[in-house]
Each structure stands twice: as C-alpha cells, then as structure tokens.
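There are 2 protein chains.
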Amino acid sequence: MKFLENGTVTSPQGFTAAGVIGSVKASNTTKRDIMMIASDTLCSTAAVFTKNLVKSSAILVTKKHIENGKAQAVIANSGNANTCNADGIEKAERMCELAAENLNINKDDVIVASTGVIGQVMPIEPFEKAVPEIAKLMSKDGGTNAAEAIMTTDTVKKEAAVEIELGGKTVTIGAVAKGSGMIHINMGTMLSFVTTDAAISSEMLASALSEAVEVSYNMVSVDGDTSTNDTLAILANGKAGNDEITTRNADYAVFTEALTELCKKMAKKLAGDGEGATKLIICSVDGAKTKFDAKGAAKAVICSSLVKAAIFGSDANWGRVLCAIGYSGCDIDVSKVDVSFVSDAGEIEVCKDGAGVDFSEETAKKILLENEITIKVSLNDGDGKAEAYGCDLTYDYVKINGDYRT
Amino acid sequence: MKFLENGTVTSPQGFTAAGVIGSVKASNTTKRDIMMIASDTLCSTAAVFTKNLVKSSAILVTKKHIENGKAQAVIANSGNANTCNADGIEKAERMCELAAENLNINKDDVIVASTGVIGQVMPIEPFEKAVPEIAKLMSKDGGTNAAEAIMTTDTVKKEAAVEIELGGKTVTIGAVAKGSGMIHINMGTMLSFVTTDAAISSEMLASALSEAVEVSYNMVSVDGDTSTNDTLAILANGKAGNDEITTRNADYAVFTEALTELCKKMAKKLAGDGEGATKLIICSVDGAKTKFDAKGAAKAVICSSLVKAAIFGSDANWGRVLCAIGYSGCDIDVSKVDVSFVSDAGEIEVCKDGAGVDFSEETAKKILLENEITIKVSLNDGDGKAEAYGCDLTYDYVKINGDYRT
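As they're listed, the protein sequences go chains A and B.
Sequential numbering from 3 applies to the first sequence in this note's numbering.
Sequential numbering from 3 applies to the second sequence in this note's numbering.
In case anyone wonders, no lab produced these hints; they're calculated from the structure.
A couple of the hints might just be wrong.
Identical chains blur together in the list; that is why a pair holds if it fits in one copy or across any two.
Using 20 Å as the maximum straight-line C-alpha spacing, the simulated SDA-like pairs for lysine to any residue come out as follows [unchecked claim]:
| # | residue 1 | residue 2 |
| --- | --- | --- |
| 1 | Lys66 | Lys387 |
| 2 | Lys138 | Thr249 |
| 3 | Lys66 | Met3 |
| 4 | Lys368 | Glu69 |
| 5 | Lys4 | Glu69 |
| 6 | Lys367 | Asp340 |
| 7 | Lys401 | Thr280 |
| 8 | Lys53 | Ala252 |
| 9 | Lys65 | Gly169 |
| 10 | Lys367 | Gly71 |
| 11 | Lys354 | Ile91 |
| 12 | Lys142 | Ser380 |
| 13 | Lys72 | Ala88 |
| 14 | Lys4 | Ser337 |
| 15 | Lys378 | Glu363 |
| 16 | Lys368 | Gly384 |
| 17 | Lys53 | Asn251 |
| 18 | Lys171 | Asn104 |
| 19 | Lys338 | Leu55 |
| 20 | Lys66 | Lys142 |
| 21 | Lys27 | Leu371 |
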C-alpha cells in the first residue's frame, strides 16, 4: 500500500471532476463553491450520514438515491447547508436533475451534498447557471478544484489517494473532504467523497466503509457539535479489473486496510485544520480493559475544552487529561494511569500511577510547541487500544464562530 | 420567601466564618485563599459530589466525615485542588484536624474542600499557620471573606441568602459558591456551601438538596468539563426554632422551594461568571414530550460551542440551536420546533416549524447585545419543561485556560 504524490479524488481510473465559482452565497465571487465528481460508468456505492435528527435536505435525497447501492456522480456545494428550509427537498432534487441532464446520466444515480449556513433559503439560480459549465470542465485534473469547492472555513484542501494491488491489478482509492467546524464524533466530518476503481459489491463496500469510519472519521472532534450535513460517500466503478470482491476474502482485507489508512489520513487533516486550530492533537490510549473503554477515554481527552486550551498554550497541564478520563464514563482504575506528551521534539512523562511526577517544564514546553502533539495515556489495566484526533482551542475559533453568517 | 440584601453564608443564626491570605499557591500574596465556616452547634448535613472517577482527596475525606449525617464546620481553600496527589488524604485529614483543634470541635465533624490546580502536591504549612488565625477571626461578618477565599478565576464573589417562615419562625438559608471553569452538568459547580438555621433531619435535608440540585447546579455548564472537586454541602443547625422537619410535610415543601430558588440564583451566578464569559445564556425549553427530553435539549443548546460563540458575537445564528437540539439525543419532531431570542431589549422569533422566518437582523442584534440572553425553544409536542444555564465562549476563555498553571 502506498500513498500517491498529489493523490486526489480523480486518481482512480474512470473518474473526473470539476469545480467552479457559482456564487451560492452572493457575496462569494472568488472561491469555487459548486463541484461535481463523476464516473464513466455506474458504481457500487455506500455512504454514512450524520446521526443528528436535524438533517440537510441533501441527505434525505441522497439516502433515497442510493437505496439500490448504485450511483454515478456527486454534486456538492459550499455556502449554504440546505438545512431547515421549507423547500429544501425540492432544491436538492433539482440539483441532482441538473447534474444528471448535463452528465447524461440518471437523476437517481446522483449523490447530493451541501455545506454552509443552516436555515437560509437555497438559491437555485447559481446551479442552473454553473452545472452546464462544470459538466464541460469535467477532467482527470479536476479533483483539486472539486476539493476547493466544498471548503468553508477550511484553510487547506483535503485530498489524498492510495494504491494497492489486488490479484495483480493496481487498485486506487482517492478521497476529498472538507471539515473545519461543527465537527464531532459520529461522524467527525462534514463532507467526504471517496472514489475507487476497485471492483467490489455495494454490500462489501458498505462493510469496508463502516470498518474504516469507526477508527477514523468517528474518532475526530473539533468542537463537539455534530453537524446536520455530515455525508461520507464512496463510489467504486470496477475499472481496475480486479476480481470483484463479494465476500470478506483476502482482497477485502487488503482493500479495507487501505481504505482505513486513507480515511485516517483524511481524519487527521480534518482535525489539524479544525476551525482556528494551530495544532493537531492525537490522544493514544492503551492498556484499557476493553477497546470500548479505550475509545471513550481517547475521545473525552480530545474533546475537553480545557485540554484543548492548554495545548494551545503549550502548557503541560496533565491534570486536565486525568480529569477528562475520569468523567469519560469508562471503566478505569485511576491509580494505574500514566500520561506522557510526545511530539517531534521528544517525549516526557508527566503522570505515573495517577499522580504527578517531577518533570522539566522547559522540556515539556519544547515538546508542546510543536504542531502535532500526541497525548499518550497508558491505563495499565488490559489490552484495549484506541486513537482519537482533535485540535487545540484558540482565539481564532471564537473569532470565526462569533460571526460566521456575515 | 424573600432574598436578603447582602445575604451570605453567615446570614442564618449561629453561623460564623472567616477567610485569610494563606498563600497556598506561593505566588499568591494578595487574595484570601483559606476559609472556614462554623456553626455554634452540631448540624444535620447532606452533600453531593462530582461524578468524575478522578476525585479530590478532600472529597474522599468529607464523604467519610459526613456518613453519620452530622457536621459542624467547613474548611476550604483555593490555589490547589489536592487531586491526583499521593499524600492527598493525609493532607486533607490534617486540614480537618487543624480546623477541629482551633474551633474546639470534633475532627470528624469537619467538611473539607479544595479547588485549584490538579496534581500538584498540597503544601500543609500555609494551613498550619493560617487556621489558628482564621479561628480567631470567625464572625457573623465573615461570610464575604469566606466567599473570596474560594474564588479562583471567578471575577465576582458568589453569595446569597433567602428568608422564609415556618410555623411562625423565621428561617434563613445562606449560600456561598465558586465556579468559573471546569463546570458541567452533574454538577455544575466546583464548590458551594449552604447554611441554614432550619431544624431539619439529615434525611430530609438530603432529599431537599437533591430536589434543588436537579434544577439548578445540575443544569449549568460553562465548558463541558466535569471537575474533579465539585462539592455542594449544606449544614442545618436548627437555631430558628421551627418544628424539626422529619417528613415531607408542608414545611418541607416551603423549605425545599426556598432552597431551590437559592440554588437557582447561585447557578445563574456561576454561569454568568463562567471563565471569560460576557453573557449569561438561559435556554428555556417547553412543549417537550417529557421533562427528560426538555432537559436534554436545553443542556445541549447551552453546551454547544457554536451557539456559545454566536451569542458572544451577538449573531442570531439559530441554525446552531436547531443543530444542538438535533444531536441532543432527545425525542423531538424537528418540524414542530420554534425558536426565539429574548432579552431586556425585547423578543424576536427566528424559527417557526423547524424552518427560518424573516426577521430583522438589526432588532436581533439589539436583543443579543444584552448581558442576559434567553433562548426560548418551543417543541410543541407535549408538556415537558426545563431551563439550563450557560455562558458565551470568548477570547478570554481561551486566554485564561491557555496558561492557567503559571
């Protein structure tokens, strides 16, 4: 398995994409905000969505369209979430219709997703105008423009691709995502689209996606707010020519592992580029009684506002880590907990057997000044392991969210 | 029932208090940080503590001391939490011993509480020196100094007292609290001490306290972090001379109502003075299927970082309110939800039947610029009601917590 240089959602065979400036938010005249991704042929598909009861109309329409496990294209926009709108369904259906007409495919094979402000009427004119233009621009090089078109407060495009071999055939999996705010466990993203030229049934695709999500997007939190629009969809067009995966065989395992690593990479990109974030925080827990306890403890640590603010300040305030583990609801023995901070600048133990140890504040500061900080927690009480991904809490998070609508 | 002007924890008959500068944190030479509250006679007592598995040694000692439902004094400090320390129990016991010796009471009748940094060894010398001094200063006017001594990042002292009549006798209930950060549901405070001259059995006291807490301290969140040191204790010395309350009779109802109102007032003080807060946010939910659903929805709204940041920016971003209700886990029908923002400057409806309504952004801004904002949510689906208390998320929260230890 290897990650491709400049890999993107159009890296797999038979996929094209494009994104344009559609001015969905009238004030936007400089950033791409409408995009499409399409496969030359019909794909197996699977998707997971937000667990929020308040759901974007785009999700309701997409759910219906992929009921048969098939899809061929994605249309997505930033600038408006199409959520809590009386005519949202109608608008989402029209987006699919426009995509289908211009790509010459079936309307029911289109996945639609939106991200942006909740509760503002979705203007349809920008799509009527932009979609024909996008259809003309669809190309193998368009993945990166599609990545830009779904960004909101993201500061960097999020894309990657990975290559594996299945029965002598090269299989590629590509991904694009947007994240930033309103990001929380289940699932920790707003939008992500994954493409692959693997031949795989929609049942096995759903199973692989579910395994991958569990340890990647579902372990990310930026701010504890579960979005209304979270959508992660995967399309597999079979162009690689591998034997179709229809059972949990060896090829399934290789494919799932690659998909998992790709999703983990994307999850870290989301966390590290959380709204206002200056640092990626990884909480790595081992020695838990069960995997469930390890996950709960890791998530509590990366979700704690106090831990997040301390990391922003490069302050080795490990008491807040213990506090978060303590209220996580997990079955732990406090008197066995060890905590270390790790980064490219080194590793330092700050807590042993649930109590503080003497450590050099200077060394700790040096370690915590790095951009990627791992909080290593050993519970010394079993074999359960987990990792969760988050970011620091900064002035800029408050600034960005104090006045997002204007 | 009436609130007293300048009411405090020493307002009830037979209670005295004092607080001094003990320099528990060596760098502190200007703020009172050790205090005692004492009753002339032995009291019925009840208490509730944090549900965090990581608990201050002070809590473990207090739990043991009040097992018999009796106590006579409180010793408390700020500047060190006495949590995650190998010798914490020993130090907490010594604090009680010092209080008992100098107040001439039984060591097992002392309640001890600490608040401050977790995981730093508790220095005992400041107590050896300060406690004899405090004992000499104990007076009816000392309540306010005691309030100061438990403040950490609090910007104002939190104290109040209420007066009721029971069978022709005047009964007073007084309270002192500190809050600020690491404040979350169950229970939303760090330390609070309540005194009363009511005659009431410890069983009825525990019952009344539990009723009061449920709708006050347990409905407060500042930052979603449940502290390791939360302690709320009540002492009743019977000096008012009312017939002792030993069953859930009419006097019990009057007493519990007054205690509840007092705790609600303190809860709002805690929320409004949350770390870095500029505004108190009240989320008032009605029309829920059950009281449980109403509480869950109200809590989700005041806990949402995105709602909190929007209120800081006086931005009527009601979509985030819907989003929080949607992920609260409560049983709601999204299409029936109405939302209004209310303050001293007026009321404005922003969402009706789960979708946006046209409203004046100018009027909304005027309403949201006030210091106390009520987010009114009507679920229109039953009779369940609840209120939760929180605060906005500001630059100062990040600043305070980015480098708290130094």
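Quick rundown of the hints versus the structure:
no. : hint               : in the structure
1   : Lys66 with Lys387  : neither (37 Å within a copy, 36 Å between copies)
2   : Lys138 with Thr249 : neither (38 Å within a copy, 80 Å between copies)
3   : Lys66 with Met3    : neither (34 Å within a copy, 59 Å between copies)
4   : Lys368 with Glu69  : neither (52 Å within a copy, 47 Å between copies)
5   : Lys4 with Glu69    : neither (32 Å within a copy, 62 Å between copies)
6   : Lys367 with Asp340 : within (19 Å within a copy, 48 Å between copies)
7   : Lys401 with Thr280 : both (14 Å within a copy, 15 Å between copies)
8   : Lys53 with Ala252  : neither (32 Å within a copy, 46 Å between copies)
9   : Lys65 with Gly169  : neither (33 Å within a copy, 65 Å between copies)
10  : Lys367 with Gly71  : neither (51 Å within a copy, 47 Å between copies)
11  : Lys354 with Ile91  : between (55 Å within a copy, 18 Å between copies)
12  : Lys142 with Ser380 : neither (46 Å within a copy, 50 Å between copies)
13  : Lys72 with Ala88   : neither (28 Å within a copy, 60 Å between copies)
14  : Lys4 with Ser337   : neither (42 Å within a copy, 47 Å between copies)
15  : Lys378 with Glu363 : within (17 Å within a copy, 47 Å between copies)
16  : Lys368 with Gly384 : neither (32 Å within a copy, 56 Å between copies)
17  : Lys53 with Asn251  : neither (30 Å within a copy, 46 Å between copies)
18  : Lys171 with Asn104 : neither (32 Å within a copy, 83 Å between copies)
19  : Lys338 with Leu55  : between (39 Å within a copy, 13 Å between copies)
20  : Lys66 with Lys142  : neither (28 Å within a copy, 71 Å between copies)
21  : Lys27 with Leu371  : neither (38 Å within a copy, 26 Å between copies)
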